[in-house]
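A.B. asks: As you go down the protein sequences, you meet chains P and G in turn. If you count by the working numbering, then the first sequence holds residues 5 to 392, one letter each, in order. If you count by the working numbering, then the second sequence holds residues 16 to 85, one letter each, in order.
Since the hints were derived computationally from the structure, they do not count as laboratory data. Each hint should be verified, as a subset may be incorrect.
Said to hold, decoys possible - Below, in silico cross-link-like pairs of lysine-lysine (BS3-like), each with a Cα-Cα straight-line distance of 27 Å or less:
(1) Lys65(G) to Lys321(P)
(2) Lys313(P) to Lys47(G)
(3) Lys313(P) to Lys81(G)
(4) Lys308(P) to Lys72(G)
(5) Lys205(P) to Lys141(P)
(6) Lys71(G) to Lys308(P)
(7) Lys291(P) to Lys65(G)
(8) Lys81(G) to Lys322(P)
(9) Lys308(P) to Lys321(P)
(10) Lys47(G) to Lys321(P)
(11) Lys359(P) to Lys44(G)
(12) Lys54(G) to Lys321(P)
(13) Lys81(G) to Lys341(P)
(14) Lys321(P) to Lys61(G)
(15) Lys308(P) to Lys61(G)
(16) Lys54(G) to Lys353(P)
(17) Lys341(P) to Lys24(G)
Here is how the chains run, residue by residue.
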Amino acid sequence: MIESTTDKQIFTVSELNNFLKIILDENPYTQNIWISGEISNLKIYQKGGQLYFTLSDEQSQINCVLFASALSRLKFKPKNGLNVVLLGKVAFYHKRGSMSFQVAYMTNVGIGLQSLAFEQLKKKLIAEGLFDEQRKKSIPKYPKQIGLITAWDSAAMWDFITLSNTLAPSISLCVIEATMQGVTSPSSIIDALCVAENYHKLDIVLILRGGGSAEDLAGFNNEKLVRKIAEFPMPVVTAIGHEIDYTLADLASDLRTPTPTAAAQILSQHYIQLRSDIPVHLETGYKIISQRINNYLETSLNSKNQATKNIEWAFNKKLQYIEQLLHRTELANPLHKLRQGFSICRLKKTHAIVKSVSEIKKAMILQTELPDGLVLSRVESIKKENQL
Amino acid sequence: MTIETNVRKLESIVAELESEDLNIDMAVKQYKDAIDLAKKTMVSLKSLEKTIIILKKESDFITETKVPIN
Numbered sequence: 005m006i007e008s009t010t011d012k013q014i015f016t017v018s019e020l021n022n023f024l025k026i027i028l029d030e031n032p033y034t035q036n037i038w039i040s041g042e043i044s045n046l047k048i049y050q051k052g053g054q055l056y057f058t059l060s061d062e063q064s065q066i067n068c069v070l071f072a073s074a075l076s077r078l079k080f081k082p083k084n085g086l087n088v089v090l091l092g093k094v095a096f097y098h099k100r101g102s103m104s105f106q107v108a109y110m111t112n113v114g115i116g117l118q119s120l121a122f123e124q125l126k127k128k129l130i131a132e133g134l135f136d137e138q139r140k141k142s143i144p145k146y147p148k149q150i151g152l153i154t155a156w157d158s159a160a161m162w163d164f165i166t167l168s169n170t171l172a173p174s175i176s177l178c179v180i181e182a183t184m185q186g187v188t189s190p191s192s193i194i195d196a197l198c199v200a201e202n203y204h205k206l207d208i209v210l211i212l213r214g215g216g217s218a219e220d221l222a223g224f225n226n227e228k229l230v231r232k233i234a235e236f237p238m239p240v241v242t243a244i245g246h247e248i249d250y251t252l253a254d255l256a257s258d259l260r261t262p263t264p265t266a267a268a269q270i271l272s273q274h275y276i277q278l279r280s281d282i283p284v285h286l287e288t289g290y291k292i293i294s295q296r297i298n299n300y301l302e303t304s305l306n307s308k309n310q311a312t313k314n315i316e317w318a319f320n321k322k323l324q325y326i327e328q329l330l331h332r333t334e335l336a337n338p339l340h341k342l343r344q345g346f347s348i349c350r351l352k353k354t355h356a357i358v359k360s361v362s363e364i365k366k367a368m369i370l371q372t373e374l375p376d377g378l379v380l381s382r383v384e385s386i387k388k389e390n391q392l
Numbered sequence: 016m017t018i019e020t021n022v023r024k025l026e027s028i029v030a031e032l033e034s035e036d037l038n039i040d041m042a043v044k045q046y047k048d049a050i051d052l053a054k055k056t057m058v059s060l061k062s063l064e065k066t067i068i069i070l071k072k073e074s075d076f077i078t079e080t081k082v083p084i085n
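Using the sequences and the hints, build the whole thing.
C.D. replies: Listed below in structure tokens is the structure:
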């Protein structure tokens with residue numbers, strides 16, 4: 005007792021904890037008693053060899069510890085979901101103000117009620133085909149917007165958001181707040197799913213919850229929630245608890261990821277791959293385009309050369325032909341005949357060409373055309389061919 | 016008139032000139048026409064040649080140079 009300035013007694017925390025320890029240690033109802041319940045959250049502490057677990061029934065739970073000496077005497081291997089009966093005592097740790105049940109002896113009674121209920125529901129939903137692979141929707145490779153159903157400001161929420169923004173900043177995230185633990189969690193998550201369902205811009209809905217005990221995650225085995233997830237119209241991804249935790253919600257979802265961090269990595273993987281592939285795609289694209297340009301260049305060059313050849317050939321051919329026609333014209337030049345000694349004889353009066361002696365009469369004036377001039381002459385006599 | 020029309024007309028004049036039946040007056044006239052037509056056709060051809068040379072120069076941008084692939 006430290007202060008007594010008023011009429012009230014004020015204790016220190018140590019005083020209270022010491023007092024509680026004495027009460028529990030000296031109370032026969034907390035020493036050497038038998039309790040029954042179902043094992044969950046089983047962990048073995050390798051260094052000391054002691055076993056830590058939670059023993060629970062439908063309403064309550066208590067932390068338990070089984071030290072190495074007691075553990076070595078066990079004739080079976082404890083595991084999650086087993087219903088057991090324990091002999092031991094309640095121990096109060098005054099420094100931490102915590103309490104646990106120290107187990108001296110343990111017997112195996114069979115599968116616990118909670119485990120049994122879980123297994124029965126699992127079997128029923130499997131039989132209905134709720135977890136069938138063919139029911140699962142494909143996850144978009146490049147999601148534009150993801151709806152996160154999670155507890156606001158939780159470590160899981162920030163783990164996912166931070167990593168997703170680093171790995172794939174183009175993915176837009178939309179948080180839909182829900183209670184992720186306790187008896188109200190299934191209905192809260194179902195409500196959040198209804199909100200997501202009416203928000204048509206989402207590509208994926210991610211149910212996000214960090215690690216916790218089996219009791220903390222029990223809500224994810226709720227039948228209504230599991231059915232809602234299985235029937236949800238858009239892809240649902242779960243990231244619930246740790247890698248070892250498997251809930252029925254995980255089985256019903258389209259993709260189960262081990263942790264929130266893993267979810268961020270998996271949903272960003274194609275963006276990451278795309279980023280690393282861009283230089284390769286650019287290089288390949290450049291090669292293809294260059295090759296095409298070169299092909300077009302080659303074709304154009306060949307076409308140009310061929311067209312030039314063709315037009316030159318056609319031009320030269322035409323030129324040669326005209327020259328040939330000119331040559332023929334020259335050969336047909338009427339003056340050539342005169343140069344060879346032939347002359348053109350015309351009647352002076354009419355200028356008509358004389359082609360027969362019958363056209364000529366005595367004393368007529370004839371005009372003879374020679375290459376270098378004209379000769380005028382008078383007809384003195386006419387002789388026909390037969391008179392020569 | 017196009018070069019082709021001129022050439023066809025020239026062909027026909029030359030064929031007439033080469034025929035024995037043609038009288039000398041007609042032959043001289045045809046000869047004159049043939050020479051005129053040949054001159055005209057050659058002028059057209061020379062103009063065509065200039066056009067070809069210009070087009071050839073203009074198409075010189077298409078060269079053997081290729082885009083480097085690597």
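A.B. asks: Each of the hints needs a verdict: does it hold here or not?
C.D. replies: Structure-based check of each hint:
1. With a CA separation close to 16 Å, the supplied pair lysine 65(G) and lysine 321(P) stays within the 27 Å bound.
2. Between lysine 313(P) and lysine 47(G) the alpha-carbon distance is near 35 Å, which puts this suggested pair outside the 27 Å criterion.
3. Only pairs whose Cα atoms come within 27 Å are accepted, and lysine 313(P) paired with lysine 81(G) is accepted, the gap being roughly 23 Å.
4. Of the pairs offered as hints, the one joining lysine 308(P) and lysine 72(G) holds, with about 11 Å between alpha carbons and a cut-off of 27 Å not exceeded.
5. Proposed proximity of lysine 205(P) and lysine 141(P) is supported: the alpha carbons are some 17 Å apart, at most 27 Å.
6. About 9 Å separates the Cα atoms of lysine 71(G) and lysine 308(P), which keeps this hinted pair within 27 Å; it holds.
7. Between the alpha carbons of lysine 291(P) and lysine 65(G) the distance comes to roughly 41 Å, so the proposed pair goes past 27 Å and is violated.
8. A hinted pair counts as satisfied when its Cα atoms are at most 27 Å apart, and lysine 81(G) with lysine 322(P) does not qualify at roughly 36 Å.
9. Among the hinted pairs, lysine 308(P) with lysine 321(P) is consistent with the structure: their alpha-carbon atoms are about 20 Å apart, no more than 27 Å.
10. Taking the CA atoms of lysine 47(G) and lysine 321(P), the gap is near 24 Å; set against the 27 Å cutoff, the hint holds.
11. The hinted pair formed by lysine 359(P) and lysine 44(G) meets the criterion: a straight-line CA distance of about 19 Å does not exceed 27 Å.
12. The straight-line distance between the Cα atoms of lysine 54(G) and lysine 321(P) is roughly 17 Å, inside the 27 Å bound, and the hint therefore holds.
13. Only pairs whose Cα atoms come within 27 Å are accepted, and lysine 81(G) paired with lysine 341(P) is rejected, the gap being roughly 64 Å.
14. As the CA atoms of lysine 321(P) and lysine 61(G) are separated by approximately 14 Å, the hinted pair is consistent with the 27 Å bound.
15. A hinted pair counts as satisfied when its Cα atoms are at most 27 Å apart, and lysine 308(P) with lysine 61(G) qualifies at roughly 22 Å.
16. Straight-line distance between C-alpha atoms of lysine 54(G) and lysine 353(P) comes to about 36 Å, which puts the hinted pair past the 27 Å bound.
17. The suggested pairing of lysine 341(P) with lysine 24(G) holds, with an alpha-carbon distance near 24 Å, which does not exceed 27 Å.
Of the numbered hints stated above, those contradicted by the structure are hints 2, 7, 8, 13, 16, listed in ascending order.
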